[in-house]
Amino acid sequence: MLKLQFRDRRRESVWLVDKTFTIGKASSNSLMIDDESVQDFHVEIRNENDNVAIVNTAGSTSLLLNGKPVPISSPLNARDVITIGDVELELVDPKTLARQKKSDSTTNFTNGWSIYSSASWLEQNRFLIEKKIIIGRDASCDITLPLEHLSRNHLSLEIRNNQLFLKDLDSSNGTYLNGKKINEAIVNSGDKIKIDVLTFEVHGPAKQLDPNKTIIRMAPSPDKTENPKKTPTKKTQKPTAQKPGKIKPAKKPLSSKGKQDWISGQDQISNQKKSYTGKIILSIMLITVVAVLTLTIMKL
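Residues 83 to 382 (my numbering) make up the sequence shown, in order.
A portion of the hints provided could be inaccurate.
What the hints assert, rightly or not - If you anchor each label on the Cβ, the simulated ranges turn out as follows:
1. Val137 - Glu94: 21 to 27 Å
2. Asp122 - Asn243: 52 to 58 Å
3. Asn243 - Asp117: 42 to 48 Å
What the hints assert, rightly or not - In silico DSS-like pairs for lysine-lysine, Cα to Cα no more than 27 Å straight-line:
4. Lys213 - Lys262
5. Lys249 - Lys276
6. Lys276 - Lys263
7. Lys214 - Lys263
8. Lys107 - Lys85
9. Lys249 - Lys214
10. Lys263 - Lys274
11. Lys214 - Lys276
12. Lys249 - Lys263
13. Lys101 - Lys85
14. Lys274 - Lys262
15. Lys213 - Lys249
Just so you know, the hints here were simulated from the structure itself, not pulled from any lab data. For each residue, glycine too, the CB sits at the ideal point set by N, CA and C.
Modelling step: build the complete structure from the supplied sequences, incorporating the hints.
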């Protein structure tokens, strides 16, 4: 079953339930359009065994199907555009829209620019940007939104040299980028575009490394090795600072099985003096003894 919706989203879409669906200015029509360019009973849409056709009941030259006049009747298909006076209607197949949404959800958008909105009332939440798109209320826009304060041609998004450019098309209520009203600006991935009450988030292509750039990696620190085993190290005592003028001689142990005390250099000098004095005294005593013995022998 098909639905009929206004391309400018001025009103809600309507299911084509009746076998004969009438459109015109009169209130008795299945769809009443209060517009001066529309006649009281302008057109009929007939549905017989899922074969849908449009009939020019008023014989009006202002009835067009996909831009071409409808003389008497013509078959209808999904995505056909019906022009009645100044009003444009579009036939929509909800099943096709559901498949399109599912396809959009599985599409990889990382290779290009796109905009996304979390608004639940949108039939499509993500839009891919190819070269240039125009957003507005007019049915001829690439993205048509049913917003009261949106201009017919509100803004454009254009890709130039892999960058995305935003331009406000002299809209009545302005375009806001990250909270600031702008006329023209370069847009980056993650930026927020607000128009009326709707906010879009910009998604850019995944950044790739420049093959011409040199990549410098820091070498790991010496203590961060692949094998974390640590070898035991001997602790060395830090030399103690000595006061100037007081040189402390090194201590040497005596070979007495560790039973003797440490002897300083000054003690060694004192002991050497005592040993030398003792030798002199011993020599004098020996000389005295020899002299006494010699005198005794001579008296005998």
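Is lysine 249 within 27 Å of lysine 214, Cα to Cα?
-> 11 Å, holds
27 Å Cα cutoff - pair lysine 276, lysine 263 | Answer holds: lysine 276 to lysine 263 is near 9 Å, not above 27 Å.
Is the hinted range of 21 to 27 Å satisfied by the C-beta distance from valine 137 to glutamate 94?
-> 24 Å, holds
Cβ separation of aspartate 122 and asparagine 243, checked against the hinted range 52 to 58 Å | 55 Å, holds
Between lysine 213 and lysine 262, is the straight-line Cα distance small enough, at 27 Å or below?
-> Holds, because 25 Å separates the two Cα atoms, which is no more than 27 Å.
Pair hint outcome, lysine 249 versus lysine 263 [Cα-Cα no greater than 27 Å] | 11 Å, holds
When you check the alpha-carbon spacing of lysine 263 and lysine 274, does it fall within 27 Å?
-> The hint holds at about 12 Å.
Is lysine 249 close enough to lysine 276, meaning Cα to Cα at most 27 Å?
-> This hinted pair holds, its Cα atoms lying about 13 Å apart.
Is it true that the CA of lysine 214 sits at most 27 Å from the CA of lysine 276?
-> Holds - the C-alpha atoms of lysine 276 and lysine 214 are around 18 Å apart, at most 27 Å.
Decide if the proposed pair is consistent with the structure: lysine 213 and lysine 249, CA atoms, cutoff 27 Å inclusive.
-> 14 Å, holds
Are lysine 101 and lysine 85 close enough, with their CA atoms no more than 27 Å apart?
-> 13 Å, holds
Does the structure keep lysine 274 and lysine 262 at a Cα separation of 27 Å or less?
-> Holds, at about 10 Å.
The structure is consistent with each of the numbered hints, conforming to all of them.
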